[in-house]
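Quick note, the sequences are listed as chains A and B, same order. Just so it is clear: in the first sequence, position 47 is 47 by this note's numbering, and no numbers are missing. So the mapping is simple: this note's numbering equals the position in the second sequence, first residue as 1, plus 1000.
What the hints contain is simulated information worked out from the structure, not anything from laboratory work. The beta carbon of each residue, even a glycine, is placed where N, CA and C say it ideally should be. Some clues are possibly wrong.
What the hints assert, rightly or not - Computed, partial: chain B to chain A, Cβ under 8 Å:
{"no.": "1", "residue": "P1040"}
{"no.": "2", "residue": "S1041"}
{"no.": "3", "residue": "R1045"}
{"no.": "4", "residue": "K1069"}
{"no.": "5", "residue": "S1081"}
{"no.": "6", "residue": "Y1100"}
{"no.": "7", "residue": "F1104"}
As the list claims (entries may be wrong) - Quick look at which bits of chain A chain B covers, simulated, 3 or more residues with Cβ under 8 Å:
{"no.": "8", "stretch": "31-38"}
{"no.": "9", "stretch": "44-56"}
Chain by chain, the residues run as shown.
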Amino acid sequence: EAGVTQFPSHSVIEKGQTVTLRCDPISGHDNLYWYRRVMGKEIKFLLHFVKESKQDESGMPNNRFLAERTGGTYSTLKVQPAELEDSGVYFCASSQDPSFGRSQYFGPGTRLLVL
Amino acid sequence: LAKTTQPISMDSYEGQEVNITCSHNNIATNDYITWYQQFPSQGPRFIIQGYKTKVTNEVASLFIPADRKSSTLSLPRVSLSDTAVYYCLVGPEGSGAGSYQLTFGKGTKLSVIP
Chain A
1 EAGVTQFPSH SVIEKGQTVT LRCDPISGHD NLYWYRRVMG KEIKFLLHFV
51 KESKQDESGM PNNRFLAERT GGTYSTLKVQ PAELEDSGVY FCASSQDPSF
101 GRSQYFGPGT RLLVL
Chain B
1001 LAKTTQPISM DSYEGQEVNI TCSHNNIATN DYITWYQQFP SQGPRFIIQG
1051 YKTKVTNEVA SLFIPADRKS STLSLPRVSL SDTAVYYCLV GPEGSGAGSY
1101 QLTFGKGTKL SVIP
């Protein structure tokens, strides 16, 4: 079974540019989550999709971040315009049901560096 | 959500048993204790979860005392490949408001030495 995949693995952009991160969840997983760890901080929840609907986006830092999940399959997270403090690792996770804990499978992350 | 406290780092020689203790004094009645493992350049990976007493799987054991205010992750006979950051998470099981959010702390960085 293929795991959660993320693209790109690394991205280096300048302040003010736009970056789009992609996540492909495990096939059949309706629930998709985005987390991020900014430099020196802990991993923080960003948002949760159930199929194509946003179930909870309480962790999104501001309106420069836009997440979509067209068709309930893969998801994208766009940062526009990027700021220096957006640098960090962005993780995507998926699960079959929204239960806590064991059912969240994480991808390897996208490392974003904003210069 | 209950706050968790665990050691910042630990070192161990290969072949030893490693115990990592996590404090969660404010754990709620419906909270479970979950441990994740994260290798460098990878996302976190679930390793074990429990509610009370002892849980064991092929990777680790989890000991939870009766008052549930702490828990201990036990890794038997560690190898170099067990070098990773270990996170203790506390939260409710099942779908519910906010229960799908995993709350990570700083974790414990375990270094296994040859």
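Claimed coverage, the stretch 44-56 of chain A by chain B - three or more beta carbons nearer than 8 Å: Holds: 5 residues of the stretch 44-56 of chain A have a Cβ under 8 Å from chain B.
Hint status (Cβ of P1040(B) to nearest Cβ of chain A, threshold 8 Å): Since the shortest Cβ distance to chain A is 11 Å, the answer is violated.
Cut-off 8 Å, beta-carbon criterion: hint that Y1100(B) touches chain A: This interface hint holds because 4 Å falls under the 8 Å limit.
Status of the R1045(B) interface restraint (C-beta, 8 Å, chain A): 7 Å, holds
Proximity test - 8 Å, beta-carbon atoms, the stretch 31-38 of chain A to chain B, at least three hits: holds (count 3)
Hint validity - S1041(B) Cβ closer than 8 Å to any chain A Cβ: Since chain A brings a Cβ to about 7 Å from S1041(B), closer than 8 Å, the hint holds.
S1081(B) as chain A interface residue, shortest Cβ-Cβ below 8 Å: 17 Å, violated
Interface restraint verdict for K1069(B) against chain A (beta-carbon cut-off 8 Å): 19 Å, violated
Supplied contact hint for F1104(B), tested at 8 Å Cβ to chain A: 4 Å, holds
Checked against the numbered hints given earlier, the structure breaks hints 1, 4, 5 and satisfies all the rest.
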